[in-house]
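Numbering (our numbering), first residue to last: 12 to 412.
Each hint can be trusted.
Quick list of simulated restraints, FRET-style, between CB atoms:
| no. | residue 1 | residue 2 | range |
| --- | --- | --- | --- |
| 1 | Arg380 | Gln170 | 49 to 59 Å |
| 2 | Leu406 | Thr274 | 24 to 34 Å |
| 3 | Ala273 | Gln404 | 27 to 37 Å |
| 4 | Glu376 | Glu276 | 44 to 54 Å |
Everything labelled a hint here was simulated from the structure, so no lab data went into it.
Values in this document were obtained by computation on a predicted structure and should not be read as measured data.
All residues carry an ideal CB built from backbone N, CA and C; glycine is no exception.
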Amino acid sequence: MTTTVVPSGLLDGPYDGPAWRAAVDAALADPGRRLHLVFQPVVDVRRGVVAGYEALTRFVDPDGARSAATPDRWFAAADAQGRGAALEAVVVHRCLHLRPTLPPNCFLTVNVSPHLLTEPELADPLLAAGDLSPLVLELTEHRAVPDLRPLVALRDRLQDRGALIALDDAGSGYSGLQQVARVRPQLIKLDRALVAGADRDEVKIALAQLLGEFGGRIDAWLLAEGVETWGEMDAFLRLGVPLAQGWLLGRPGPPWVALDPATGERLRRSAARAALAEHVASLVEQVPLVGPDDPAGAHPAARGPAPAADGVVRVRVDGRGRPVALLLPHRRSGDAPGHRLAAVSLRVPASAGVVEVAQRLVAREEDVRFDPVVVVDDLGRAAGVVRVERVLQRLAELAPR
Numbered sequence: 012m013t014t015t016v017v018p019s020g021l022l023d024g025p026y027d028g029p030a031w032r033a034a035v036d037a038a039l040a041d042p043g044r045r046l047h048l049v050f051q052p053v054v055d056v057r058r059g060v061v062a063g064y065e066a067l068t069r070f071v072d073p074d075g076a077r078s079a080a081t082p083d084r085w086f087a088a089a090d091a092q093g094r095g096a097a098l099e100a101v102v103v104h105r106c107l108h109l110r111p112t113l114p115p116n117c118f119l120t121v122n123v124s125p126h127l128l129t130e131p132e133l134a135d136p137l138l139a140a141g142d143l144s145p146l147v148l149e150l151t152e153h154r155a156v157p158d159l160r161p162l163v164a165l166r167d168r169l170q171d172r173g174a175l176i177a178l179d180d181a182g183s184g185y186s187g188l189q190q191v192a193r194v195r196p197q198l199i200k201l202d203r204a205l206v207a208g209a210d211r212d213e214v215k216i217a218l219a220q221l222l223g224e225f226g227g228r229i230d231a232w233l234l235a236e237g238v239e240t241w242g243e244m245d246a247f248l249r250l251g252v253p254l255a256q257g258w259l260l261g262r263p264g265p266p267w268v269a270l271d272p273a274t275g276e277r278l279r280r281s282a283a284r285a286a287l288a289e290h291v292a293s294l295v296e297q298v299p300l301v302g303p304d305d306p307a308g309a310h311p312a313a314r315g316p317a318p319a320a321d322g323v324v325r326v327r328v329d330g331r332g333r334p335v336a337l338l339l340p341h342r343r344s345g346d347a348p349g350h351r352l353a354a355v356s357l358r359v360p361a362s363a364g365v366v367e368v369a370q371r372l373v374a375r376e377e378d379v380r381f382d383p384v385v386v387v388d389d390l391g392r393a394a395g396v397v398r399v400e401r402v403l404q405r406l407a408e409l410a411p412r
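Generate coordinates for the entire structure from the input sequences, incorporating the hints supplied.
Listed below in structure tokens is the structure:
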């Protein structure tokens with residue numbers, strides 16, 4: 012017998028004691044009055060639109076007031092009494108019937124306990140429901156599952172009917188890479204403990220990145236849960252996390268809570284900045300282009316400001332605008348005014364990643380390591396240059412803090 016006790020309130024006592032037994036009895040006997048569902052949006056952060064909703068349960072105490080006990084305690088009490096599958100089945104049944112009312116292209120997630128999912132009270136209604144899409148079964152991890160084989164077998168049957176599997180609170184509790192690998196979810200939800208303050212904690216960012224890379228190997232999407240600040244959101248945008256939910260993006264409410272338009276617009280702008288920051292396109296400096304027959308000055312068709320006597324980098328181009336050499340200003344005090352001719356030691360497309368370019372920079376010969384990088388467009392024409400110091404500065408900006 013369990014002796015878990017809620018701290019205070021109407022439902023004091025052990026989960027299998029009289030108060031909790033009466034409360035679970037009432038919830039199962041009259042679920043229409045004793046529990047209701049609210050729905051929190053899950054957002055596609057790059058498009059700034061709602062991608063789905065998570066169903067969350069709210070309970071009413073036997074006296075008719077909203078319960079001060081958290082939903083986790085209600086489900087734990089029912090589980091302690093051997094009625095956990097029955098109570099979770101009530102919630103799953105409601106979600107199954109709500110699916111036709113979902114907005115287009117949205118999924119609906121519902122929490123289920125892995126150790127209860129294989130119970131007939133919970134598994135049979137799901138298997139009998141026909142096409143289960145777009146339902147996502149979110150496996151919560153409050154108890155260890157010693158033998159995952161029955162769960163994996165049921166997972167296969169549910170997925171054959173269109174259900175998706177999510178793993179909740181990844182990075183905490185009983186979760187781990189081994190369990191993720193065995194269950195092979197399509198959605199991995201980062202634990203709130205890894206999300207809170209992630210923009211100021213490089214260890215959390217590193218762990219999130221690890222889970223994201225691992226998820227990518229098994230074709231699973233990462234979802235940052237419990238996002239409450241724009242600092243956190245921007246950090247996960249830079250990581251490329253595709254989905255997020257939390258009070259910043261929308262609180263739980265009735266079906267179906269829409270995303271605030273201003274929030275969606277800011278997400279799209281932030282996502283665009285994050286994507287741009289990853290590429291050298293954001294670092295390009297337009298410089299004068301020097302034609303093949305005009306080694307000392309700007310070609311008549313050149314873009315950019317007219318070159319000064321010294322101090323300005325120039326790119327020598329051929330008749331098609333493709334870079335063939337650099338004209339670099341003399342920098343040492345003893346050098347004569349003017350420019351020196353240098354070969355183009357590194358040219359990259361504007362879509363090249365900053366990290367990739369940095370790696371190629373340090374691999375160059377020592378005497379050209381700090382020469383500017385020439386950036387070209389899709390046709391190989393010179394688009395400008397990127398200075399080494401700007402690449403280093405951007406790397407510092409992208410580094411987790």
